[in-house]
Amino acid sequence: MKALEPTLYDKSVPDRKGITLPELDVPLSEMDAALLRDDLALPELGELQVVRHFTRLSQLNHAIDLDLYPLGSCTMKYNPRLNEDVARLPGLAALHPLTDDEGSQGALALMFQLQDWLAELSGMTAVSLQPAAGAQGELAGILMIRAYHQQRGDTQRDIVLVPNSAHGTNPATVTMAGYRAVELPSDENGDVDLNALRAACNDQVAGMMITVPSTLGLFEAHVLEVVEAVHNCGGLMYMDGANMNALMGVVKPAELGFDVMHYNLHKTMSTPHGGGGPGSGPVAVNEKLAPFLPGPIVVVDEGADEDEEAPRYSLQMPEHSIGRLKAFHGNFGMHIRAFAYMSIYGASGLHEVSKHAVLNANYIRANLADTYLIPYPRMCAHECVISGQIRGAEEVHALDISKRLMDYGFHPPTNYFPLIVPEALMIEPTESEDKATLDRFIDAMKEIAREAREEPDLLLTAPHRMPVKRLDEVKAAKELVLCCKPALPPSAAAGN
Amino acid sequence: MVYNLPEELRYAKTDEWLRIEGDTATIGITDYAQDMLNDIVYFELPEVGEDYGPDDNFGMVESVKAASDLYAHIQGTVTAVNEQLEDEPEIVNADPYDKGWIIQMSIEDASNLDALMNAAEYAAYLETR
Chain A
1 MKALEPTLYD
11 KSVPDRKGIT
21 LPELDVPLSE
31 MDAALLRDDL
41 ALPELGELQV
51 VRHFTRLSQL
61 NHAIDLDLYP
71 LGSCTMKYNP
81 RLNEDVARLP
91 GLAALHPLTD
101 DEGSQGALAL
111 MFQLQDWLAE
121 LSGMTAVSLQ
131 PAAGAQGELA
141 GILMIRAYHQ
151 QRGDTQRDIV
161 LVPNSAHGTN
171 PATVTMAGYR
181 AVELPSDENG
191 DVDLNALRAA
201 CNDQVAGMMI
211 TVPSTLGLFE
221 AHVLEVVEAV
231 HNCGGLMYMD
241 GANMNALMGV
251 VKPAELGFDV
261 MHYNLHKTMS
271 TPHGGGGPGS
281 GPVAVNEKLA
291 PFLPGPIVVV
301 DEGADEDEEA
311 PRYSLQMPEH
321 SIGRLKAFHG
331 NFGMHIRAFA
341 YMSIYGASGL
351 HEVSKHAVLN
361 ANYIRANLAD
371 TYLIPYPRMC
381 AHECVISGQI
391 RGAEEVHALD
401 ISKRLMDYGF
411 HPPTNYFPLI
421 VPEALMIEPT
431 ESEDKATLDR
441 FIDAMKEIAR
451 EAREEPDLLL
461 TAPHRMPVKR
471 LDEVKAAKEL
481 VLCCKPALPP
491 SAAAGN
Chain B
1 MVYNLPEELR
11 YAKTDEWLRI
21 EGDTATIGIT
31 DYAQDMLNDI
41 VYFELPEVGE
51 DYGPDDNFGM
61 VESVKAASDL
71 YAHIQGTVTA
81 VNEQLEDEPE
91 IVNADPYDKG
101 WIIQMSIEDA
111 SNLDALMNAA
121 EYAAYLETR
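Residue numbers (my numbering), protein chains in the order written: chain A, 1 to 496; chain B, 1 to 129.
In short, the hints are calculated from the structure, not lab data. Values in this document were obtained by computation on a predicted structure and should not be read as measured data. It is possible that part of the hints are untrue.
[Claimed, not checked] Quick list of in silico lysine to aspartate or glutamate cross-link-like pairs, EDC-like style, CA-CA up to 20 angstroms: (1) A/K475 <-> B/E44; (2) A/K435 <-> A/E352; (3) A/K478 <-> B/E83.
Using the sequences provided together with the hints, build the complete structure.
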């Protein structure tokens, strides 16, 4: 197969360099020969070849900067350019992570303010910005719950309840934290089955992880009863905040009774993701769990007189911290962008963001209801789940609809998740899109349903207008080639 | 959609089938399960000699769509594993009841079988999903 864009190794030319270093004007420092290796073959290219390579790759890709990216549960919202301007301010971008507290008061003030805003938005008492992504935030949350029980001597608890509409990372988190996940079924409305929950609640339960709104895009109708049932048996409640884009300024998780939650700054707070991020998954906790937060966190130094001068900030390890999750201060570059985003919108603006995210998802749901099966036909939150089973086109699957959507210029929705909906397509437009874009997407979905009935081959062999045709996903999954470990280029091979 | 559900097998809610022959059970996944999973790409399988209980998962099946646990449903010891699934997991898509069997186990407690469904009951259960 001819590659659309060869790898850098394929383009490598022996001895070509991007940079020519000047002659040494100091004595050459001898390096221990044992530290040198000659088997590391790096591609050799000029700067322009490298720039063109990555620019071409970027043109083969879809991005939020090109068109709608309705990848459900991922909140692929617009990343405001102002975030990037702020993150590039030299005082922030060039700050060395080993700079002491005195020399990094501005950065610490930013982190403190971000902690405070995230606490306010959740109603929680304290926040740690340490976790590098959502799944690490989850792990931090469950490790804190474990530390809380153990400190009280309540050591027989060994299970965590997880509804079947939860994020896939939730049971993985439970297992990594040393607990056993017990799955709870959903009722016919897509809510947690309360009878099954009450039957499962006992003194073995350390807590429950629940995604609000759920991966069905539904706000849990009995959330207060769920929280009460788990609290009554001594468990703590974890809220997976991946879907917080539906809730800002609408409801505070702490007021629903949750003890701990995580944010995904790369979702809700518009920091870039999809290209590897990096992510950021701060955890917010109530008073019970505050002493266990991963650290260090930023605190205001006691003793400084706030009336006379700016407060002094410092880094501090919480009293019974579960420890560090990340070197230095978490993904600080993402803290800057999230801080910028929250500053742009303010409290009322963030509330508007959530209202428009929910409105946009419901607009799509309502307009597709005549064309596609909506398994839970009620008001949805920030995303809607439809079924890709089209009446009169039984051979067509959700995957084929997704592939065909690419021909219309859209990124596909999330496929086959949540698992409890057959042929699920999970659509999250976010607040970033205007009505005209949503209408184009709705028209494309309707047109694809017509094609499915009248010209199914068009879907079964899609995409047709992409740089590559349908990829062989089975072959890709079965024949793992994890690294492009190159054949040694001639210059390096000659040295062996 | 009409699924192939052989009369002589026992079925579980988690979409495994069991073929009972004397004190040995052969276990696989149903036609419905392979259809829902779509193209199967990988099995994680136990070793011969390992013991499992009725609620234990003994392995995992992964497809292009999802990964799912496999449950034993009986108390017993693994007596055979279908080695062919290592290189050709797709035979379960093509032939879930014969070439696509997954493991064989000894049956140590026949009362475990009472919780399983017959073909008609499983077909009715699929209607509700």
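Checked hints:
1. Restraint check for A/K475 and B/E44: satisfied, since their Cα atoms lie roughly 18 angstroms apart, inside the 20 angstroms limit.
2. For the hint linking A/K435 to A/E352, the alpha-carbon distance of about 16 angstroms falls within 20 angstroms, and the restraint holds.
3. For a cut-off of 20 angstroms, the pair hint linking A/K478 to B/E83 stands: about 16 angstroms separates their Cα positions.
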